[in-house]
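Participant: Given the coordinates of chain V, work out where chain L should sit on it, guided by the hints.
The listed protein sequences derive, respectively, from chains V and L.
Position 85 of the first sequence, counting from 1, maps to 98 under the numbering used here, and the rest follow consecutively.
Position 144 of the second sequence, counting from 1, maps to 157 under the numbering used here, and the rest follow consecutively.
Since the hints were derived computationally from the structure, they do not count as laboratory data.
Honestly, I wouldn't trust all of these hints.
[Unchecked claim] Just so you have them, the derived chain V footprint on chain L, three or more residues with Cβ under 8 Å: (1) 68-79; (2) 83-95; (3) 116-126.
Quantities reported herein were computed from a predicted structural model and do not represent experimental measurements.
Idealized CB from N, CA, C, for every residue including glycine.
There are 2 protein chains.
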Amino acid sequence: MTHQGFTLWLTGMSGAGKSTISDRLMERFRAGAAKVELLDGDVVRTNLSQGLGFSREDRDTNVRRIGFVSELLSRNGVIAVVAAISPYRATREEVKARIANFVEVYVECPIEVLAARDVKGLYKRALAGEVGQFTGISDPYEPPENPDVVVRSDRESPAESVEKVWRELQRRGLIETA
Amino acid sequence: MTHQGFTLWLTGMSGAGKSTISDRLMERFRAGAAKVELLDGDVVRTNLSQGLGFSREDRDTNVRRIGFVSELLSRNGVIAVVAAISPYRATREEVKARIANFVEVYVECPIEVLAARDVKGLYKRALAGEVGQFTGISDPYEPPENPDVVVRSDRESPAESVEKVWRELQRRGLIETA
Chain V
14 MTHQGFTLWL TGMSGAGKST ISDRLMERFR AGAAKVELLD GDVVRTNLSQ
64 GLGFSREDRD TNVRRIGFVS ELLSRNGVIA VVAAISPYRA TREEVKARIA
114 NFVEVYVECP IEVLAARDVK GLYKRALAGE VGQFTGISDP YEPPENPDVV
164 VRSDRESPAE SVEKVWRELQ RRGLIETA
Chain L
14 MTHQGFTLWL TGMSGAGKST ISDRLMERFR AGAAKVELLD GDVVRTNLSQ
64 GLGFSREDRD TNVRRIGFVS ELLSRNGVIA VVAAISPYRA TREEVKARIA
114 NFVEVYVECP IEVLAARDVK GLYKRALAGE VGQFTGISDP YEPPENPDVV
164 VRSDRESPAE SVEKVWRELQ RRGLIETA
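Pulled out of the complex, with its shape left as it was, chain V reads as follows (with noise of 0.2 Å):
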């Protein structure tokens, strides 16, 4: 394949899927020989966050932070593939103001249903009151207002999560494949 530098953004709440898809993501691009990155929440936590909590502010920082190492590559001709909660919406805004190719996907799952998958029992823990600033629960989640795609995982399966993002992409032409 062939591929312009660009930052893709998982937004949405742990355990709606941004891990799953931009995993599968990455396996389609490294299959096709891109450039690529992936600044999951494993990644940043190690390696760009260490110290920051769950105030806004450091919400933020941490946004910005993984926003500032996206656009260098992003403008260099790599692609970006950021996973994060990214909750607040004037904060993903100003990234996105900042890079030049930006496509927002939004990982959208009802609250209901992420309580009732609740893989790591925080939203059991959370919804007791024991977690607190957990986001969606006790500290806001604002969804985007005009995601470029929006994927549904209780409704989807990654596979067709994927391949609508990856069609986005070509629309774009942002990516090109034989």
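Facilitator: Using the frame of chain V, we list chain L on its own:
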């Protein structure tokens, strides 16, 4: 020009000439339409390291963070030019070990010369005990044991220093100019 991805890491004390040399290198890379990014003190403080101080731990975190970003750029074919005091040898070595194409430049200048120049008035204040944890005076600076290039801003012009670095990059096949 054509080039590979690599990290060009300038280490040295405050005022030794890292910024002067890296700025001139940036001009030369840009004139050759290279894919290149500068990670210097200003860029890093603004975008990566807000909130970090001057303890060994914080300085190491800062250096590792710059190293992480340099690694992402380098391995995707981009030149990362770093100008950072990066006082601790072990931490520089740790970053070096992670990055395939890593060129360490020691920007050397005797402390007497730095104190006499004292562009920002920092050495006077540090020598008077008014600035704690000042590298080279009240905080350690560990020079590289085997730097790839040594430049001496008290004996060479910036143009000469840049030329030395340039030749080393050519010698390694990291850059090619027509």
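Participant: Failing hints, ascending?
Facilitator: Number 3 only.
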